[in-house]
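Asker: Quick mapping for you: the protein sequence lines, in order, are chains A and B.
One gets our numbering by counting positions in the first sequence from 1 and adding 661 to each.
One gets our numbering by counting positions in the second sequence from 1 and adding 12 to each.
Just so you have them, the derived chain B footprint on chain A, three or more residues with Cβ under 8 angstroms:
1. 750 to 758
2. 958 to 971
3. 1026 to 1038
Quick caveat, the hints were computed from the structure, so don't treat them as lab data.
All values derive from a computational prediction rather than experimental measurement.
Idealized CB from N, CA, C, for every residue including glycine.
Spelled out, the chains give:
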Amino acid sequence: VNYETSILAVSIFAAFVLGVIGLSAWLGSRAQSAGGYFVAHGQVGWFVNGVAFAGDYLSAASFLGICGMIAFFGYDGFLYSIGYLAGWIVALFVIAEPVKRLGKYTLADALNSKFNSRGLKLVAAISTLVISLFYLVPQMVGAGALVKPLLGLPHWAGVVMVGVVVTSIVATAGMVSTTWVQFIKGTMLVVVCALVMFLILERGFSLPTTPIGQDEVQSYRKDASGVIVNGSPLSAENQLDTKLRAAHGIGFGSIAQLPDGVRATGPLGPIAFIETFSKSTVTTWKKGTDAAGATTFTPVERKGADLLLPGSSPTFKGVRDDRIASKLDFLSLMLALFLGTASLPHILIRYYTVKDAAAARKSTVVGIGVIGVFYIITLYLGLGAMTSGALDPTDSNMSAPLLARTFGNTLFAVISAVAFTTVLGTVSGLIMAGAGAVAHDLLCDVFKMELSDREKVRAGKIVAVALGLIAIVFGVLFEKMNVTFLVGWAFNVAASANLPALVMLLFWKRTTKQGIIAAMSIGLVGSLAWILVSADTLEKIYGFSAADAASRALVPFSQPAIVTVPLGFLTLIVVSIFTSTGITKPQTSPGIA
Amino acid sequence: VPVGGLASEAVAGVPWGIIAGFGLIIGAFVLAVLYATLARTPHDGAQK
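Isolated chain A, as found in the complex (with noise of 0.2 angstroms):
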């Protein structure tokens, strides 16, 4: 798929990336103390915060992700988006306001209130280490995606621009500059997002100019003399989309036949929209490999209505499956995108940027506000996606994108623009999180170096390069993978690690301080080893074919949460009630539990 450099995208790109750092360097003055550099003094207004919540949470899994889901398999994307905001419930009404009121700055804070322990506080820091780093790999490689279009740039390139700016953010102003650009990203995403589904709607769909055979397979491979298209050498003038758009006046993803015989729709309506859909034949593009071993793109016509139906990707296949192990993996990863959302680090460290519980409840309402518009509008621009004949078969992530550039040049620069800072919002969010950890849990908590407010602040800039270095890293190696199903695994780490303990803590007077050390141990490494062993992992990262992935896997499913959850729970109730003397007192000298 050709990806031509324009102008003004670049242009409008660095207006948004200059405009970002220019407002930290702004903000900077304002966090010298480890209370506004950590917390932003604990004073942003509810609704700021709010909005500020979905820039942080609509990361490029819920942009990229789904809607290039959406646009590949149709209605499993839509299956994340209602998991990603079910789990707003649960934040909302059992863990906002017990974190608001018993922490102070970081995730360990909350969960050691009651125990001063330097254990816990050790593996609450560890766990936040952990969960931000598994985030950071799926937002670091949708920046990759994101600028090898836009810029003309590599995959690398785009990681490490990432990485270089939002250390810059984090690095200037701590957590109030990144509430800023977490605001300004949250409201540009919506409303760019809402003004292409209306773009959407007034196009309508239509047919290609003729009707693309089933035979017409198109294909890639690699060899000594570089990348070889249909057959010939890949060039501005072959791209991979080059004979479909010559034969049919149209790309990859378009309908295939229209209820009624029209050739057109003209406008719909959002309720109109989903009907037609519906009703129509879309032609889909089947990935394989063929005798030569090149990598095949085959037309398949599907029912618009299948596609309405959850099961078509290979990460929700089980709900189409008889087997229990796959029904099972597909609840696991719903459990764990229900019960992740209340337990990511960056998530509930900006329950201590707001003044009082109440502002903590009202802005968690502003935030499913926002996410909930949001993943609406998703299931447009997905289905929007698919019927574009713009996307590129060979990464899912730029279906979005891709479909804003039907509408011109501008629109996909604002909206490459909008994604690139969104993916700015929400890893400047997870490197806090991680800054916070370790410098205040860890070197003050739990190491006991005696830092005064500036040193501390100080330790944390440096601890947020060092996390940008290392997301860097991982962005760049883990390129080919879909961001969505990345994040995936850090919800099931965070279900695992840390929801046991939160709401033990909560709402189990026995639970000890032994109890969610070991809960929180298990549940991180439990849910890490499962996923490193499972048929997905064998397959996705380590190469494996998916036979000898599924023959080679140590475990029946490839998501732990609802093995691994529950597990936490058992572990901790049993090591409490081994290691509870009665009655729970705060300690009044705080050592290695």
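Mind docking chain B on chain A? Use the hints.
Answerer: For chain B alone, kept in the frame of chain A given last:
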């Protein structure tokens, strides 16, 4: 092609799966607004 269940028509030709998804998202927001409007805890207004 499996058509039925969640893919069967519900309201105005829109499948049940979409209605359920939209319903969950909008329902979550309505629930959150009700909670934020009605809930009062002893900690409200307590500044850290």
